[in-house]
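Enquirer: As given, the protein sequences belong to chains A and B, one line each in that order. The numbering used here puts the first residue of the first sequence at 7, with every later residue one more than the last. The numbering used here puts the first residue of the second sequence at 143, with every later residue one more than the last.
Everything labelled a hint here was simulated from the structure, so no lab data went into it. None of the values given here were measured: they were computed from a predicted structure. Among the clues, some could well be false.
Some chain A residues flagged as far from chain B (calculated, every beta-carbon gap over 10 Å) [unchecked claim]:
no.	residue
1	41
2	104
3	107
4	112
5	120
6	134
7	178
8	181
9	193
10	253
Which residues of chain B face chain A? A partial, calculated answer using Cβ under 10 Å [stated by the list, open to error]:
no.	residue
11	162
12	209
13	236
14	239
15	249
16	259
17	307
18	400
19	402
All C-beta atoms, glycine included, are put in the ideal place defined by N, C-alpha and C.
As a plain string of letters, each chain reads:
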Amino acid sequence: MNHLTAILGHIGGTLLLFVRSVKFIGTLPRQRARFIEQCYLIGYTSLPIVTILSFFIGSVLALQSGYSMENFGAKQFIGTLVGLTMARELGPVMVAILIAGRVGSAVTAELASMKVYQEIDALTTMNIPPERMLVLPRLAAILVMMPVLAIIANLCGWYGGALVCQYTHSISVDSESYFTALKTYMKPKDIIDGLVKAEVFGFVIILVCCYIGLNTRGGPREIGASVTKAVVTSLILILVLDYFVTKALLFS
Amino acid sequence: MTAPAASSYTASPFVGRTFGVTVTGLNKNFGRTAVLKDINLEVKPGEIFCLMGPSGSGKTVLLKHIAGLERATSGEVRIGEFDAADPETRNKVHLALVFQAGALFNSLSVYDNLALYPREHRQCNEAGIRERVMHALSILSLEKAANKFPSDLSGGMKKRVAIARALVMEPQLLLYDEPTSELDPVMSATLTEIIATLREQTAVTSIVVTHDRDLAFNIADRVAFMMDGRIQGVGTRADFKTPADPVIANFLNPVIDLKNPRFKQLE
C-alpha cells in the first residue's frame with residue numbers, strides 16, 4: 007500500500023512539475039540562450055550516436071528480413087518492411103532510448119547535484135523558480151529536437167537497409183527497387199505517427215528526469231542513485247507508452 | 143582590528159520597507175526525530191539577531207524555515223504579515239540567504255553568479271548590472287575573481303562571493319548561515335562591519351546563525367541560544383556577558399582541560 011501511495015505521489019509530483027513549468031511559457035522568448043544551449047546539448051551532441059546506431063539498425067533489419075523473406079519470395083517488399091518499421095517503431099523508440107541514456111542521465115545528474123549542493127535552494131530564495139530556469143528550456147528543446155532526431159534516424163536506417171540489400175549477395179535487391187517498395191506502401195501518416203511517438207517519449211523522459219533530479223536528497227551517492235532511477239524509469243515508460251500510443255495512433 | 147574594505151561600503155538607496163520575523167509554536171520532525179521543538183521567537187524590523195548554539199541544535203533548520211525552504215510539522219513563521227512558507231511571499235519580500243557552503247552556481251562564473259538575480263528580475267540594463275556586481279565584488283575584495291568559476295575558488299572565497307551575491311540582491315531580510323566560518327580574522331572583521339553597516343544604511347533585518355562569539359557580541363542587538371532543538375534563552379548582548387544558565391555559560395566560555403581523563407588513552 008505504501009509503495010502504491012509513493013508511486014501515485016511521484017506521478018502527481020511529475021504532473022505538478024509540468025503544470026508549474028508550463029505556467030512560465032511566456033518567459034521562453036527571453037530564455038532563448040538557454041533554449042538554444044539545450045537544443046545543442048540534446049540534439050547536436052546526440053547526432054553522431056543516433057546516426058551510427060540507426061544506420062546499423064536499418065542494416066540488421068534488412069539483413070534479417072532479407073533472410074526470412076527470401077523463403078517465400080517476398081524480397082521485393084524489404085524496402086516496405088524496413089521503411090515502415092523504422093518510421094513507425096524503431097526510429098522513435100531507439101532515439102528515445104538513446105536520449106534517456108545520454109541526455110536523461112546528464113539532466114538528472116546536473117539537477118540532482120544542484121539540489122544536493124543547495125543551488126536549487128539558492129534559486130528559490132532568489133525568487134527564481136527552478137521550473138522556469140531549469141525545466142522549461144529543456145522541455146521546449148526536447149520538443150523541437152526529438153522530431154529532428156527521429157527523421158535523421160529514419161533516413162539513416164533506410165539508407166543502411168538499402169546498402170545491405172544492394173551489396174549482400176544472398177539478398178541482391180537494388181536500391182531503386184528497395185526505395186520504390188518503400189515509397190509505394192508508406193503513407194505520410196506512418197512518418198507523422200512516428201514523430202508523434204518521438205515527441206511523447208522525449209517529453210516524458212525530460213519531465214521524469216527533471217522531477218527525479220530536483221527531488222534528490224542526500225549526498226553524492228544519492229546523485230548516482232537518482233541517475234539510475236531516472237534512466238530505468240524512462241526506459242520502462244518508453245516501452246509501456248509505446249504500446250498505448252501505438253494503439254491510439256493505429257486506431258485513431 | 144579595522145577592516146578597510148567595509149568603510150567604503152555604500153548601500154543603494156533603500157526603497158520599500160524592512161520586515162520583522164515572528165516564529166510561533168514551530169515544530170519540525172524529520173521522520174521520528176524532532177529537530178525543532180516549540181520554537182517561539184520575535185525578530186523586530188531592522189534588528190541584527192544572532193542565533194547561537196552547538197552544532198546540531200537546529201539553528202540552520204530554523205533559518206531554512208524562515209527562508210521558506212522547509213515546511214513546518216506544526217506552527218508557523220511569518221515575515222511581517224506574510225507566511226514564510228507561501229511561495230508568493232518571495233514576490234513581496236526581498237529575501238537573501240547566505241548559505242554556509244556558498245551554494246554558488248558551479249556552471250556560472252563569479253560575475254554571472256552575481257548578475258543572475260538582477261538579470262532574471264530585469265532590474266536594470268547590462269551596464270547597471272555590471273556596476274552593481276563590480277561594486278559588490280569590490281566590497282569583498284573579489285574584483286580579480288570576477289571571471290573565475292566557483293571550482294577555482296577556496297572555501298573562504300566562495301563564502302565571500304555568496305555574501306557579495308546577497309548584497310547585489312539589495313534584500314529587505316538578510317539571513318546568514320555561519321557567515322564567518324572558513325574566513326580569516328581580517329575578512330571576518332570586514333564581514334562583521336558589512337553586516338552592521340548594511341543595517342545602518344538600509345535598516346535591513348539580519349538574522350545571523352553563528353558560532354562566532356566576536357561577531358555576535360560586536361553587532362547583535364539580541365542573541366538567542368538554541369540547544370537540542372529548543373530556545374534556551376534570548377537576550378541582549380549584555381545579558382549574555384555573564385550568563386546565569388550554566389549550559390550557555392559553558393558554551394560561551396568553554397573550559398579547556400588538557401588533563402581531562404577522557405583523553406588519557408591518547409597519550
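Enquirer: All the hints need checking, so say for each whether the structure fits it.
Expert: Consistency of the hints with the structure:
1. Listed as outside the interface, residue 41(A) is consistent with that label: its C-beta sits roughly 15 Å from the nearest C-beta of chain B, beyond the 10 Å cut-off.
2. Distance to chain B confirms residue 104(A) as a non-interface residue, since its nearest Cβ pair spans about 24 Å, more than 10 Å.
3. Residue-level check passed: residue 107(A) sits 22 Å from the nearest beta carbon of chain B, beyond 10 Å.
4. Look at residue 112(A): its CB is around 12 Å from the nearest CB on chain B, clear of 10 Å, so calling it non-interface holds up.
5. A beta-carbon of chain B is positioned within 10 Å of the beta-carbon of residue 120(A); the least distance is around 8 Å.
6. The Cβ of residue 134(A) does not lie farther than 10 Å from every Cβ of chain B; its closest approach is about 5 Å, which violates its non-interface assignment.
7. In this structure residue 178(A) is separated from chain B by more than 10 Å, as the shortest Cβ-Cβ distance comes to about 54 Å.
8. Consistency note on residue 181(A): stated as away from chain B, and its beta-carbon is indeed over 10 Å from all of that chain's, at 47 Å minimum.
9. With a least beta-carbon separation of about 45 Å from chain B, residue 193(A) lies farther than 10 Å from that chain, consistent with its non-interface assignment.
10. The claim that residue 253(A) lies off the interface holds: its Cβ sits roughly 40 Å from the closest Cβ of chain B, which is beyond the 10 Å cut-off.
11. Hint on residue 162(B) is violated. Least Cβ distance to chain A is approximately 18 Å, over the 10 Å limit.
12. Hint on residue 209(B) holds. Least Cβ distance to chain A is approximately 5 Å, under the 10 Å limit.
13. Here the hint on residue 236(B) is kept, as its CB sits about 8 Å from the closest CB of chain A, short of 10 Å.
14. Below 10 Å, beta-carbon pairs count as interface contacts, and residue 239(B) has one with chain A at about 5 Å; its hint therefore holds.
15. The beta carbon of residue 249(B) comes within 8 Å of a beta carbon in chain A, closer than 10 Å, and the hint placing it at the interface holds.
16. Taken as an interface hint, residue 259(B) checks out: its beta carbon lies about 5 Å from the nearest beta carbon of chain A, inside 10 Å.
17. Interface hint at residue 307(B): satisfied, since its Cβ lies 8 Å from the closest Cβ of chain A, which is below the 10 Å cut-off.
18. Given the 10 Å rule on beta carbons, the hint for residue 400(B) is violated: about 35 Å separates it from the nearest Cβ of chain A.
19. Annotation: residue 402(B) was flagged as interfacial toward chain A, and the flag is violated, the nearest CB pair being 33 Å apart, outside 10 Å.
Going through the hint list in order, the structure does not satisfy hints 5, 6, 11, 18, 19.
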